[in-house]
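Quick note on numbering: our numbering labels position 64 of the sequence shown as 64, and the sequence is numbered without any gaps.
It is worth saying that the hints were derived from the structure and are not from the lab.
Derived lysine to aspartate or glutamate pairs resembling DMTMM-like cross-links, with alpha carbons at most 25 angstroms apart:
| # | residue 1 | residue 2 |
| --- | --- | --- |
| 1 | Lys163 | Asp41 |
| 2 | Lys215 | Glu157 |
| 3 | Lys90 | Asp111 |
| 4 | Lys105 | Glu115 |
| 5 | Lys90 | Glu115 |
| 6 | Lys90 | Asp178 |
| 7 | Lys191 | Asp177 |
| 8 | Lys78 | Asp184 |
| 9 | Lys201 | Glu157 |
| 10 | Lys105 | Asp129 |
| 11 | Lys9 | Glu66 |
| 12 | Lys228 | Asp127 |
| 13 | Lys229 | Glu157 |
| 14 | Lys163 | Glu193 |
| 15 | Lys78 | Asp41 |
| 16 | Lys90 | Glu223 |
| 17 | Lys221 | Asp41 |
| 18 | Lys105 | Glu225 |
Treat the numbers as computed from the prediction; the structure is a model and nothing was measured.
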Amino acid sequence: MSRGGNPFKDRMGLGAYLEDPASYPSSRVIYHNDSFVAINDRYPKATIHTLLLPRSTKHNLMHPFEAFDDPEFLASVKAETARLRALVVKELQRRLGPESSSDAKRQAVLDGDAEPDESGELPAGRDWDAEVISGVHAVPSMRHLHVHVLSREMYSEALRHRKHYNSFNTPFLVNVDDFPLAADDPRRNTKEEAYLRWDMKCWRCGRNFGNQFQKLKEHLKDEYETWKKI
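Build out the structure end to end from the sequences listed, making use of the hints.
Next up, the structure:
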(Lines of atoms letter the chains of each structure in order from A; the text may use other names.)
(Lines give C-alpha, C1' and ligand atoms only; values in the text may rest on other atoms or scores of the structure.)
Protein backbone atom coordinates (compact mmCIF):
# COMPACT_ATOMS: atom_id res chain seq x y z
CA MET A 1 0.00 0.00 0.00
CA SER A 2 1.35 3.44 -0.88
CA ARG A 3 2.06 5.90 1.91
CA GLY A 4 -1.10 7.84 2.72
CA GLY A 5 -3.36 5.27 1.09
CA ASN A 6 -6.70 4.26 2.53
CA PRO A 7 -6.06 1.42 5.04
CA PHE A 8 -9.76 0.49 5.07
CA LYS A 9 -10.32 -0.48 1.45
CA ASP A 10 -12.10 -3.58 0.23
CA ARG A 11 -12.00 -6.46 2.74
CA MET A 12 -10.54 -4.16 5.42
CA GLY A 13 -13.55 -1.83 5.20
CA LEU A 14 -15.00 -2.62 8.63
CA GLY A 15 -11.85 -1.28 10.25
CA ALA A 16 -13.03 2.28 9.66
CA TYR A 17 -15.87 1.78 12.14
CA LEU A 18 -13.46 0.49 14.76
CA GLU A 19 -11.07 3.38 14.19
CA ASP A 20 -13.55 6.22 14.69
CA PRO A 21 -17.12 5.05 15.35
CA ALA A 22 -18.19 8.46 16.67
CA SER A 23 -17.68 9.99 13.23
CA TYR A 24 -20.58 8.00 11.78
CA PRO A 25 -24.29 8.88 12.02
CA SER A 26 -26.66 6.84 14.17
CA SER A 27 -28.15 5.42 10.98
CA ARG A 28 -24.86 3.54 10.52
CA VAL A 29 -23.33 3.09 14.00
CA ILE A 30 -25.95 1.87 16.47
CA TYR A 31 -23.71 2.13 19.53
CA HIS A 32 -20.09 1.74 20.55
CA ASN A 33 -18.09 1.23 23.70
CA ASP A 34 -14.48 0.43 24.55
CA SER A 35 -14.86 -3.19 23.50
CA PHE A 36 -17.39 -3.29 20.65
CA VAL A 37 -18.98 -1.33 17.81
CA ALA A 38 -22.46 -2.26 16.56
CA ILE A 39 -23.46 -1.12 13.07
CA ASN A 40 -26.20 -1.51 10.51
CA ASP A 41 -24.93 -3.55 7.57
CA ARG A 42 -24.45 -1.44 4.44
CA TYR A 43 -25.97 -4.21 2.34
CA PRO A 44 -28.69 -5.69 4.56
CA LYS A 45 -29.94 -9.13 3.61
CA ALA A 46 -33.11 -8.76 5.70
CA THR A 47 -35.46 -6.17 7.19
CA ILE A 48 -32.90 -5.61 9.96
CA HIS A 49 -29.29 -6.67 9.53
CA THR A 50 -26.66 -5.57 12.01
CA LEU A 51 -23.01 -6.40 12.68
CA LEU A 52 -21.16 -6.59 15.98
CA LEU A 53 -17.47 -5.69 15.66
CA PRO A 54 -15.09 -6.55 18.52
CA ARG A 55 -12.41 -3.90 19.06
CA SER A 56 -9.81 -6.19 20.64
CA THR A 57 -6.71 -5.81 18.46
CA LYS A 58 -5.54 -9.19 19.74
CA HIS A 59 -8.56 -10.91 18.19
CA ASN A 60 -10.27 -8.78 15.55
CA LEU A 61 -8.13 -9.86 12.58
CA MET A 62 -8.26 -13.53 13.53
CA HIS A 63 -10.60 -16.05 11.97
CA PRO A 64 -13.58 -16.31 14.34
CA PHE A 65 -13.00 -20.04 14.88
CA GLU A 66 -9.52 -19.22 16.23
CA ALA A 67 -10.52 -16.08 18.11
CA PHE A 68 -13.32 -17.91 19.90
CA ASP A 69 -10.86 -20.47 21.27
CA ASP A 70 -10.11 -17.77 23.88
CA PRO A 71 -12.80 -18.45 26.51
CA GLU A 72 -12.70 -14.96 28.03
CA PHE A 73 -13.03 -13.27 24.66
CA LEU A 74 -15.79 -15.67 23.59
CA ALA A 75 -17.74 -14.93 26.77
CA SER A 76 -17.56 -11.19 26.07
CA VAL A 77 -18.72 -11.67 22.47
CA LYS A 78 -21.64 -13.85 23.56
CA ALA A 79 -22.74 -11.26 26.12
CA GLU A 80 -22.52 -8.37 23.65
CA THR A 81 -24.26 -10.37 20.93
CA ALA A 82 -27.15 -10.91 23.35
CA ARG A 83 -27.29 -7.16 23.98
CA LEU A 84 -27.39 -6.32 20.27
CA ARG A 85 -29.87 -9.11 19.62
CA ALA A 86 -32.24 -7.61 22.19
CA LEU A 87 -32.09 -4.29 20.34
CA VAL A 88 -32.77 -5.99 17.01
CA VAL A 89 -35.74 -7.86 18.49
CA LYS A 90 -37.15 -4.63 19.87
CA GLU A 91 -36.71 -2.79 16.57
CA LEU A 92 -38.26 -5.65 14.59
CA GLN A 93 -41.29 -5.58 16.87
CA ARG A 94 -41.52 -1.81 16.49
CA ARG A 95 -41.49 -2.03 12.69
CA LEU A 96 -43.67 -5.07 12.12
CA GLY A 97 -45.71 -5.39 15.30
CA PRO A 98 -48.59 -3.23 14.03
CA GLU A 99 -49.12 -5.73 11.17
CA SER A 100 -48.77 -8.87 13.29
CA SER A 101 -51.97 -10.65 14.31
CA SER A 102 -50.12 -12.18 17.27
CA ASP A 103 -49.40 -8.68 18.53
CA ALA A 104 -52.93 -7.36 17.96
CA LYS A 105 -53.94 -7.33 21.64
CA ARG A 106 -50.63 -5.80 22.67
CA GLN A 107 -50.89 -3.17 19.95
CA ALA A 108 -54.45 -2.31 20.99
CA VAL A 109 -53.23 -1.54 24.51
CA LEU A 110 -50.35 0.55 23.16
CA ASP A 111 -52.76 2.46 20.92
CA GLY A 112 -55.16 3.09 23.80
CA ASP A 113 -57.91 1.01 22.23
CA ALA A 114 -57.87 -1.63 24.99
CA GLU A 115 -57.01 -1.86 28.68
CA PRO A 116 -54.13 -3.94 30.06
CA ASP A 117 -55.02 -6.95 32.21
CA GLU A 118 -55.30 -6.83 36.00
CA SER A 119 -51.53 -7.08 36.42
CA GLY A 120 -51.07 -3.92 34.38
CA GLU A 121 -48.66 -5.73 32.08
CA LEU A 122 -48.80 -5.56 28.31
CA PRO A 123 -49.94 -8.77 26.58
CA ALA A 124 -46.89 -10.85 25.65
CA GLY A 125 -47.68 -10.95 21.94
CA ARG A 126 -45.42 -12.52 19.33
CA ASP A 127 -42.07 -14.11 20.16
CA TRP A 128 -39.95 -11.76 18.08
CA ASP A 129 -36.72 -13.22 19.43
CA ALA A 130 -37.54 -16.40 17.50
CA GLU A 131 -37.50 -14.30 14.31
CA VAL A 132 -33.85 -13.25 14.74
CA ILE A 133 -30.71 -15.21 13.86
CA SER A 134 -27.10 -14.51 14.74
CA GLY A 135 -23.70 -15.97 14.02
CA VAL A 136 -20.44 -15.76 12.10
CA HIS A 137 -19.67 -16.97 8.61
CA ALA A 138 -17.37 -19.97 8.34
CA VAL A 139 -15.45 -18.04 5.68
CA PRO A 140 -15.91 -14.32 6.41
CA SER A 141 -16.09 -11.93 3.48
CA MET A 142 -14.43 -9.12 5.46
CA ARG A 143 -11.14 -9.31 7.36
CA HIS A 144 -12.29 -7.85 10.67
CA LEU A 145 -14.14 -10.26 12.91
CA HIS A 146 -17.87 -9.56 12.89
CA VAL A 147 -21.03 -11.23 14.15
CA HIS A 148 -24.21 -11.00 12.08
CA VAL A 149 -27.45 -10.32 13.97
CA LEU A 150 -30.45 -10.09 11.65
CA SER A 151 -34.12 -10.79 11.17
CA ARG A 152 -34.55 -14.19 9.62
CA GLU A 153 -36.87 -13.57 6.66
CA MET A 154 -34.19 -12.81 4.01
CA TYR A 155 -36.33 -10.22 2.24
CA SER A 156 -34.09 -7.52 0.78
CA GLU A 157 -33.01 -5.95 -2.50
CA ALA A 158 -29.42 -6.58 -1.41
CA LEU A 159 -30.01 -10.35 -1.51
CA ARG A 160 -28.74 -10.92 -5.05
CA HIS A 161 -27.51 -14.47 -5.53
CA ARG A 162 -27.36 -18.00 -4.18
CA LYS A 163 -24.21 -17.43 -2.12
CA HIS A 164 -25.92 -14.57 -0.28
CA TYR A 165 -28.87 -16.75 0.60
CA ASN A 166 -27.00 -19.91 1.50
CA SER A 167 -24.51 -18.02 3.64
CA PHE A 168 -27.36 -17.44 6.11
CA ASN A 169 -29.42 -20.59 5.57
CA THR A 170 -26.90 -23.43 5.77
CA PRO A 171 -24.31 -24.40 8.41
CA PHE A 172 -22.08 -21.77 6.77
CA LEU A 173 -23.59 -19.44 9.40
CA VAL A 174 -22.36 -20.66 12.78
CA ASN A 175 -24.33 -19.55 15.83
CA VAL A 176 -22.13 -17.85 18.42
CA ASP A 177 -23.75 -20.04 21.06
CA ASP A 178 -22.28 -23.12 19.32
CA PHE A 179 -18.73 -22.06 20.21
CA PRO A 180 -16.26 -23.34 21.10
CA LEU A 181 -16.52 -25.81 18.23
CA ALA A 182 -15.28 -29.37 18.63
CA ALA A 183 -12.13 -30.22 16.70
CA ASP A 184 -14.08 -32.57 14.44
CA ASP A 185 -17.03 -30.23 13.83
CA PRO A 186 -17.79 -30.43 10.06
CA ARG A 187 -18.27 -26.67 9.93
CA ARG A 188 -14.50 -26.37 10.28
CA ASN A 189 -14.24 -27.97 6.81
CA THR A 190 -16.31 -25.49 4.87
CA LYS A 191 -14.53 -26.02 1.55
CA GLU A 192 -15.20 -29.73 1.66
CA GLU A 193 -18.82 -29.24 2.69
CA ALA A 194 -19.45 -26.62 -0.06
CA TYR A 195 -22.39 -25.09 1.82
CA LEU A 196 -22.71 -22.15 -0.56
CA ARG A 197 -23.36 -24.51 -3.48
CA TRP A 198 -26.14 -26.39 -1.74
CA ASP A 199 -29.64 -26.27 -3.21
CA MET A 200 -31.54 -23.24 -1.98
CA LYS A 201 -34.37 -24.16 0.35
CA CYS A 202 -36.97 -21.75 1.71
CA TRP A 203 -36.11 -20.98 5.32
CA ARG A 204 -39.81 -21.09 6.27
CA CYS A 205 -41.54 -23.87 4.30
CA GLY A 206 -38.54 -25.93 3.19
CA ARG A 207 -39.39 -25.87 -0.53
CA ASN A 208 -36.33 -26.73 -2.63
CA PHE A 209 -35.51 -24.23 -5.40
CA GLY A 210 -32.28 -25.90 -6.50
CA ASN A 211 -30.23 -23.15 -8.15
CA GLN A 212 -33.23 -21.10 -9.33
CA PHE A 213 -32.54 -17.91 -7.47
CA GLN A 214 -35.14 -15.67 -9.12
CA LYS A 215 -37.91 -18.13 -8.33
CA LEU A 216 -36.70 -18.24 -4.73
CA LYS A 217 -36.74 -14.41 -4.58
CA GLU A 218 -40.34 -14.32 -5.77
CA HIS A 219 -41.25 -16.96 -3.21
CA LEU A 220 -39.46 -15.07 -0.41
CA LYS A 221 -41.57 -12.01 -1.15
CA ASP A 222 -44.75 -14.05 -0.72
CA GLU A 223 -43.40 -15.65 2.45
CA TYR A 224 -42.49 -12.24 3.83
CA GLU A 225 -46.01 -10.92 3.38
CA THR A 226 -47.39 -13.93 5.25
CA TRP A 227 -44.65 -14.05 7.90
CA LYS A 228 -44.92 -10.44 8.98
CA LYS A 229 -48.66 -10.82 9.62
CA ILE A 230 -48.40 -13.90 11.85
